[in-house]
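These protein sequence lines are chains U and R, in that order. Heads up: the first sequence runs through residues 5 to 395, numbered per this note's numbering. Heads up: the second sequence runs through residues 5 to 395, numbered per this note's numbering.
Read the hints as simulated data drawn from the structure, not as lab findings. All figures in this text were calculated on a predicted structure; none of them were measured in a lab. Hints may contain errors.
All copies of an identical chain are treated as equivalent in the list; a pair is satisfied when it fits inside any one copy or across any two copies.
[To be verified] No more than 30 angstroms apart at the CA atoms, straight line, and that leaves these computed lysine-lysine pairs for DSS-like:
#	residue 1	residue 2
1	Lys297	Lys188
2	Lys22	Lys69
3	Lys157	Lys390
4	Lys76	Lys341
5	Lys285	Lys132
6	Lys382	Lys152
7	Lys254	Lys69
8	Lys75	Lys157
9	Lys254	Lys159
10	Lys132	Lys254
11	Lys69	Lys341
There are 2 protein chains.
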Amino acid sequence: MPASPIRKLVPYAEAAKKKGTRVFHLNIGQPDIETPPQILDAVRNVHFKVLEYSHSAGNESYRKKLVSYYKKAGITIDYNQIIVTTGGSEAILFGFMSCLDAGDEVIIPEPFYANYNGFAVAAGVIVKPITSKIETGFALPPIDDFEKAITPKTKAIVICNPNNPTGYLYSREEMEILKTIISKHDLYLFADEAYREFCYEGEHFSAMHLTGVDDNVILMDTISKRYSACGARIGAFITKNKDVLGAVMKFAQARLSPPGLAQILAEAAVDLPDNYFETTKAEYKLRRDTIVKRLNNIPGVFCPNPGGAFYAMARLPIDDADTFCQWLLESFSYNNKTVMLAPATGFYSSEGLGKNEVRLAYVLNVDDINSAMDCLEKALEEYPGKTPASL
Amino acid sequence: MPASPIRKLVPYAEAAKKKGTRVFHLNIGQPDIETPPQILDAVRNVHFKVLEYSHSAGNESYRKKLVSYYKKAGITIDYNQIIVTTGGSEAILFGFMSCLDAGDEVIIPEPFYANYNGFAVAAGVIVKPITSKIETGFALPPIDDFEKAITPKTKAIVICNPNNPTGYLYSREEMEILKTIISKHDLYLFADEAYREFCYEGEHFSAMHLTGVDDNVILMDTISKRYSACGARIGAFITKNKDVLGAVMKFAQARLSPPGLAQILAEAAVDLPDNYFETTKAEYKLRRDTIVKRLNNIPGVFCPNPGGAFYAMARLPIDDADTFCQWLLESFSYNNKTVMLAPATGFYSSEGLGKNEVRLAYVLNVDDINSAMDCLEKALEEYPGKTPASL
């Protein structure tokens, strides 16, 4: 079981803070956006006497509400095609455990969300990466790369759209290419759409919008980022494939039920006004525009414009992202401030890739982002492991 | 992955209710005791702005409080030896995944909590049952039975104390026998102590009270039954073994954090007045005394007196517990009432055992228990598959 690549830097951040240095956290996807007070109120107003187990698939009232949420996103499902999970994490774990046997392979475009590795290890599943490139803004790798990676052991492709860590928003055309591949080889398409609402360049095209592949598509979802409620731990596993639903229900029953209090909060979230996402999205877009512009203005830095989520991947003129990110915390400060970034190496499965890339989560307000970019600019001047920009 | 043996009967219970029959649920461990209002108030009074991920091991403030809870139970641990989990379920899953490799074996005295099977399947671990018998009240099987079951693949023993489903309370002497076995063969002892406070015959002796086996003992705990807060989904994985803690933390980090709102509730629970358990325990003891007396007064029924938890196992004069439990829901009623029981077959791993045994959870008030026993008494008169009591 691999250690979390981002968490390895935590002790250095703690040491920096103890020295009195302010650390701008661009390293993790913990939004600073307020959890909507209305949904916290729903929990404050509970009036039951016994906090009982919920249904293993989640409260029926919540699942029925979710149907209307998905309908607004153009996704038509029935409430009994939804299994409420403990965060998106459990949805991914359930998917791996239910759809793949130990030793089976799953193809994931890299760089990818590092915790997929953890769930793959837990399920005994082997991750086969295919590489997407910063030069194309991390677009879907060519179909040939998929074909080359597919073996008789391949059972699924995982796609995160919009993407964590790259922020890339897959187009309808790319999703149709994926449909062609999964149809041809009868693979599952696991679609992690945690950031569905946060698209800044065009509309989101869901894996559930694909037609004719109902039994192949599995949606793995979470309320964590959508409503800035990461600590709730409420996600969803959604598919029209009855056999898969049956298999997942057995795992769901073994762990009895998803969190009860948080389901109340999640149910209230479906009733938020329609303009809720507009406000949040406008704020994230402003932050994205700020950070991408600032990054590309630093000599030797290249940052493609991410179409969604709240992440940007940047190539820096440095020898080694892990060393650099540690150095930022351990040996650098500017006006008593520094910045914490996620080295991209942890998001690549192929050895040696991402050594001059970092992921930046724009989960801070614009002023803090600007201060963080001031730090980064200064740091890249001072860093002893600087390399020519052409690398 | 096996289907939950109890849940298989749910459609029959639903059909009975639709017909207007009242069903007394003695089939599941969902207590009717009120969740203490003080701990629900703690959630009602939250005043944070963002429901963030907690630490992957759980909030430090909660873990520090838990140290004082365990101290009262005579268990001395440090807060960093506690990893807060999503229910006891996740603690068990983490234990199997971290301490055993796929194909390794775990010995569990049967009958045992059926969901252990689910977690074993998820972790690729093989369950080797050794049988405890109703004639001895489900005491620990003889040491020879353990010795015969141990192979080079054996890595752990699971004990639930007091026991679900039998209610048996393991004595200090039995725990010392387990210590001898785990020391001799260097095995882990996974101790599920969810019902620690509910002991009616003598004191609870925890696996953490055993001396000299700090690196072998792993405590799997949950607040579900303790505070009648099953829906919270807060448990704990506790050990002094640093390597195991390190391995579990990787799984904990992959799933990010345990439920946030429920941790607030759980933390408040540690501050409940010392007499909280006295009241609950007195209520459960009264129910136990009632149900055990009623059962043993029915001709042909034998129910050993359980020392703890809130379960009783009874041997009935019937051909097949699964058929009987279904018949109770499908074909029987008495004054428009019937009773739902858990067939014991689902708690045995060895084929064919438990066919004339049922588990009864005394999670209803004494009046309802008496009405349920009236039903059972009548049902055993009418049931077509009745057998001589001597079987």
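Outcome of the hint check:
1. For the homomeric pair Lys297 and Lys188, neither the shortest alpha-carbon distance inside one copy (41 angstroms) nor that between copies (65 angstroms) is at most 30 angstroms.
2. Taking the shortest alpha-carbon separations for Lys22 and Lys69, only the inter-copy value of 25 angstroms comes in at or below 30 angstroms, while the best intra-copy value is 46 angstroms.
3. With identical chains, the CA atoms of Lys157 and Lys390 are never at most 30 angstroms apart, being 43 angstroms at best within one copy and 52 angstroms at best between copies.
4. Taking CA atoms no more than 30 angstroms apart as the test, Lys76 paired with Lys341 passes in neither setting, with 43 angstroms inside one copy and 44 angstroms between copies.
5. Within a single copy, Lys285 and Lys132 get their C-alpha atoms no closer than 33 angstroms, and across copies no closer than 54 angstroms, so neither meets the 30 angstroms cut-off.
6. Taking identical chains as interchangeable, the C-alpha atoms of Lys382 and Lys152 are never at most 30 angstroms apart, the minima being 43 angstroms within one chain and 68 angstroms between chains.
7. Taking the closest pair of Cα atoms, Lys254 and Lys69 come within 30 angstroms of each other only inside a single copy of the chain (23 angstroms); across copies the shortest separation is 34 angstroms, beyond that limit.
8. For the identical chains of this complex, Lys75 and Lys157 are neighbours neither inside a copy (35 angstroms) nor across copies (51 angstroms), given an alpha-carbon limit of 30 angstroms.
9. Taking the shortest alpha-carbon separations for Lys254 and Lys159, both the intra-copy value of 20 angstroms and the inter-copy value of 25 angstroms come in at or below 30 angstroms.
10. Both within a single protomer and between protomers do Lys132 and Lys254 lie at most 30 angstroms apart by alpha-carbon distance, with minima of 27 angstroms and 21 angstroms respectively.
11. With identical chains, the CA atoms of Lys69 and Lys341 are never at most 30 angstroms apart, being 45 angstroms at best within one copy and 34 angstroms at best between copies.
In terms of the numbered hints stated before, the structure departs from hints 1, 3, 4, 5, 6, 8 and 11, listed from lowest to highest.
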